[in-house]
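Asks: Spelled out from the first residue to the last, the chains are:
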Amino acid sequence: DVKVTQSSRYLVKRTGEKVFLECVQDMDHENMFWYRQDPGLGLRLIYFSYDVKMKEKGDIPEGYSVSREKKERFSLILESASTNQTSMYLCAVQGRSNQPQHFGDGTRLSIL
Amino acid sequence: AQSVTQLGSHVSVSEGALVLLRCNYSSSVPPYLFWYVQYPNQGLQLLLKYTSAATLVKGINGFEAEFKKSETSFHLTKPSAHMSDAAEYFCAVSLTYNQGGKLIFGQGTELSVKP
Chain V
-16 DVKVTQSSRY
-6 LVKRTGEKVF
4 LECVQDMDHE
14 NMFWYRQDPG
24 LGLRLIYFSY
34 DVKMKEKGDI
44 PEGYSVSREK
54 KERFSLILES
64 ASTNQTSMYL
74 CAVQGRSNQP
84 QHFGDGTRLS
94 IL
Chain U
4 AQSVTQLGSH
14 VSVSEGALVL
24 LRCNYSSSVP
34 PYLFWYVQYP
44 NQGLQLLLKY
54 TSAATLVKGI
64 NGFEAEFKKS
74 ETSFHLTKPS
84 AHMSDAAEYF
94 CAVSLTYNQG
104 GKLIFGQGTE
114 LSVKP
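For the record, the sequence lines run as chains V and U.
Per the working numbering, the first sequence starts with residue -16, numbered consecutively.
Per the working numbering, the second sequence starts with residue 4, numbered consecutively.
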């Protein structure tokens, strides 16, 4: 199985900061995803990418951007962090459409 | 449009009892269905997947799920609950191919296991 590594398990940042969350896979999978998870709201898709330099908006892209310069790395960027972006962020990787997605351990981000 | 409904946000069972977590889906095309488990402060781990082969799918940790097209259901079961099964469980359906491999997740069911 693919190994998905998220750069930080816990992160504390201040309002207005630019925040980078990194996700790295050890295979050559095309599809990568960023979700946020909040109590009572389940998983919500922020952005996904199906190839290098390709990206598509998910359901809640506002306030976020992404970067995929290399196939193995997919970065989520909070341009100007706000308190309502305090959440658990999950990265997932998928080999092909309709295959399972494989998740990292998540980054619990707190914006103060 | 595809959607997933998990009935019951919290389920509590006694150790050794049957576990039944319910999932109903809506899909205009033959679906690909998945169950995931999430332990506290961890990511989601794949339990099992249905990809139109056998209707009864066996997964890890003794879980299985049965695909019933007539009921549009994909319920997760385990004959005998163990304390270590306490976690949150998510059912997911794959969107059609031209949606780029996205999954639609249910809201999750938190399973508690009493000694």
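The hints are simulated quantities; they were obtained by calculation from the structure and are not laboratory data.
Some hints here could point you the wrong way.
Unchecked claim - Distance ranges between label pairs, derived from CB positions:
{"#": "1", "chain 1": "V", "residue 1": "GLU62", "chain 2": "U", "residue 2": "LYS117", "range": "23 to 31 Å"}
{"#": "2", "chain 1": "V", "residue 1": "ARG27", "chain 2": "U", "residue 2": "ASN44", "range": "36 to 44 Å"}
{"#": "3", "chain 1": "U", "residue 1": "ASN64", "chain 2": "V", "residue 2": "SER63", "range": "37 to 45 Å"}
{"#": "4", "chain 1": "V", "residue 1": "ILE43", "chain 2": "U", "residue 2": "VAL32", "range": "24 to 32 Å"}
{"#": "5", "chain 1": "V", "residue 1": "LYS(-14)", "chain 2": "U", "residue 2": "SER83", "range": "26 to 34 Å"}
{"#": "6", "chain 1": "U", "residue 1": "SER55", "chain 2": "V", "residue 2": "SER50", "range": "32 to 40 Å"}
{"#": "7", "chain 1": "V", "residue 1": "THR(-2)", "chain 2": "U", "residue 2": "HIS85", "range": "39 to 47 Å"}
{"#": "8", "chain 1": "V", "residue 1": "VAL(-5)", "chain 2": "U", "residue 2": "LYS61", "range": "38 to 46 Å"}
We put the CB at the ideal spot given by N, CA and C, even for glycine.
Asks: Hints first: check each against the structure and report whether it holds.
Replies: Status of the hints after comparison with the structure:
1. GLU62(V) x LYS117(U): 23 to 31 Å: This hint is violated: roughly 46 Å between Cβ atoms.
2. ARG27(V) x ASN44(U): 36 to 44 Å: At 19 Å between Cβs, range violated.
3. ASN64(U) x SER63(V): 37 to 45 Å: 42 Å, holds
4. ILE43(V) x VAL32(U): 24 to 32 Å: 25 Å, holds
5. LYS(-14)(V) x SER83(U): 26 to 34 Å: With a Cβ separation near 31 Å, LYS(-14)(V) and SER83(U) satisfy 26 to 34 Å, so the hint holds.
6. SER55(U) x SER50(V): 32 to 40 Å: 36 Å, holds
7. THR(-2)(V) x HIS85(U): 39 to 47 Å: 43 Å, holds
8. VAL(-5)(V) x LYS61(U): 38 to 46 Å: 42 Å, holds
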